[in-house]
Amino acid sequence: MGVRMAIKPVPAKLQAGLRHCARLPAVTRGSSSINWRFASYRTLLDTLGHNDGMDEVIEVGVRDFLDAAQASGNPDAYLHARASAQGIAVQELDLANLPNRSAALFLVGAYQQLEGFLYDFADEFGTLVGAPVRTRVNGEAPLDWVLDALPGGFTLNKHRIWIERYLILDYYRLVRNHLNHPRKSRASLAASHATLTSLDPMIRGAYGLPAPSEPDNLSFDDFLLLTRIVKYLATDLCRLAQLTGADLVQHALRLQSSGERALLSLPPESASPVKRRARIRRFYRGRFGSEVAPMDLDLIAKALF
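Mind the numbering: the sequence shown is residues 183 to 487 in the working numbering, read in order.
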């Protein structure tokens, strides 16, 4: 577990952000807060869940190895003996840094998954609304780009997804960049870390984990916090990207024109409006996890030929 840090005062501007009126309502267990479950969202949860499990197994192995090395009375000799038994040439003897190193690898992998999801999500959103998302500006963080592309824009949406979560994700982006390019300035990292340190009691209370660690003192808790926040973010992006009735109509028309059989074989509107709507409802529920509102269902049913 991370070392408990000295509590610093929360900056006044951040205090205001924590009370921002645009914050999305908290997601509770069993709530149906997402009306449209993007394919990229489902893929992220599947891959993140699998990779989380694999990283947890690796972490168990790391801890067991370190425990055995310490119990041997001669950790360096133990390492060489185990390396020889496995047929691996080992030059690095910095066992004390192994937890930080493994946590860094987990964190980089998880953040890469997040960025892959952001690109897939943006492409999918653009396809659904029939208008490709603008090109990302050079140097623009992928999360900032996606938040700006969604209704409301970046400045509002970073508060809607909860500013503290945004700051945590942006900090781990900076950590990932630092790990890949260690010669770059750490000034922005230090400032971001100081801000998040001030939120340590809140983060512990909300997620059961300490605030993010410094880049040279990462722990498995950092990986757990990142993946937990990523799942909240993915849910909230789906909530921010709710399609309007007009979007749904155009989406249905494009699907029908492309040969979607479920929408080509609908009962006629004049003959069986109830069955027509029921078929459309089942299609959207099964394919997209979407519960189409009755008003939008009427619009779609009347628009399709």
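For the record, the hints were derived by calculation from the structure and aren't laboratory data.
No experiment lies behind these values; they were computed from the predicted model shown.
Mixed in with the good hints there might be a few duds.
[What the hints assert, rightly or not] Here are the simulated DSS-like pairs of lysine-lysine, each with C-alpha atoms no more than 30 Å apart in a straight line: (1) 366 - 190; (2) 195 - 366; (3) 457 - 413; (4) 457 - 190; (5) 457 - 195.
[Claimed, not checked] Quick list of simulated restraints, FRET-style, between CB atoms: (6) 202 - 276: 38 to 46 Å; (7) 302 - 240: 53 to 61 Å; (8) 475 - 368: 46 to 54 Å; (9) 387 - 444: 13 to 21 Å; (10) 309 - 361: 30 to 38 Å; (11) 191 - 439: 57 to 65 Å.
Cβ atoms here follow ideal geometry from the backbone N, Cα and C, with glycine treated the same way.
Query raised in the report: Broken hints, numbered, in rising order?
Result: 3, 4, 5, 7 and 9
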